[in-house]
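Taken in sequence, the protein lines are chains E and D. If you're matching positions, the first sequence starts at 0 in numbering that gives the first Met the number 0 and goes up one per residue. If you're matching positions, the second sequence starts at 0 in numbering that gives the first Met the number 0 and goes up one per residue.
No lab work stands behind these hints: they were computed from the structure. Some hints here could point you the wrong way.
Unchecked claim - Residues from chain E that face chain D, not an exhaustive set, calculated with beta carbons under 7 Å:
#1 Gly25
#2 Met96
#3 Phe99
#4 Ile108
#5 Thr139
#6 Ile154
Where is the CB? At the ideal position from N, CA and C, for every residue including glycine.
As a plain string of letters, each chain reads:
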Amino acid sequence: MKKEIKQVGMAQYAVGEAGDVLRTLGLGSCIGICLYDPVLHVGGLVHIMLPEMSLYQDKATEAKYADTGIRLLVKEMERLGASSTRLRGKLAGGAQMFAFTGQNETMRIGERNILASHKALQELRIPVVAEHTGGNYGRTIEFSCNGGALEVRTIGHGTFII
Amino acid sequence: MLSNMQIDVLREISNIGCGNAATALSTMLNKRIDMELPSVNILPLAEAPDLLGGAELLVTGVFFQAIDDLPCSILWLLKQDSVGSLLSLLFGMDITTDPPYTSMEQSALMEVGNILSSSYLGALSCFTGLNFQLSVPALATDMAGAILDIALMQLGSYSDQALVIKNSLREGDESVEANFLLLPDPELLQRIFQALGVAE
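Construct the entire structure; sequences and hints are all you get.
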């Protein structure tokens, strides 16, 4: 099988099979949601920016929101044969890059993204097996479809495999 | 989508805004500051980090929210060599360019951001008759992609396009390239276009 590194931009998603690596660069308040079917070795990554589609005007880009993005990703993975009952989730991102005094809702978007991702996964009964979220720093992630390991790289805050 | 005419209008406002900003900086430093014609780009969200040199590049961002008549946000993005040049200009000596920056350096950067943003909004205010009041600045140094999130997220809630203005300032050998993201809400954009007679 040909190994491929698939780059996932903001409000985009990708799926891959054993050997593929899914990568997204520079997550701030955005979240990289990684799903994995350990039996078929099918993985998926969606790079969401905002918590729920219903709260925003743009309804065209499903992968932009945690709730619709996760559903879209599950559907795409099922097309490759993955079963939603076997899927396991990992999350990275959801930082708050700028510290403001007198926080308003918009500034807490990272935290709201984390909550919305958990909620959407819970509704689909997909367990979150690992996460590296919050804080005030950016993350680059690489998700291996060969085992489902998620590598999280930061500038000055270390590298982690979860 | 914006028409060519509307993009031209934004470019012209950017030009005047950046001119005001360069003048303010020049007055503060008592030095001659040259400015290149700013470039205005409108591009899909996913490509915005590439324009700045990649999502993983270490950059410094200064972020403001403008309140009052209509909400908009401003994000200044500086690459590390530009931060070094700017700090050297401000302090009149060579400054090490490696982050983390001292609190003195951080507050100097935020103050320059404040002056530049105010000058810029001053131009916008003249055109539109709208009032803007800037929030206290916030600063972060990290991956470009991560810092851009805050800006793109605000745009992303209603569109997939981002407006990025590249502004280059120069004093002698020191060159500062500031990437300026003005993030007006759609209503404000409409007001700007109306005021200048290019509304659709």
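Against the structure, the hints:
1. Gly25: For Gly25(E), the interface hint holds, since the closest Cβ of chain D sits about 2 Å away, which is under 7 Å.
2. Met96: holds (5 Å)
3. Phe99: Status holds, d = 5 Å.
4. Ile108: holds (6 Å)
5. Thr139: holds (6 Å)
6. Ile154: It holds, given that the least Cβ distance between Ile154(E) and chain D is near 6 Å, below 7 Å.
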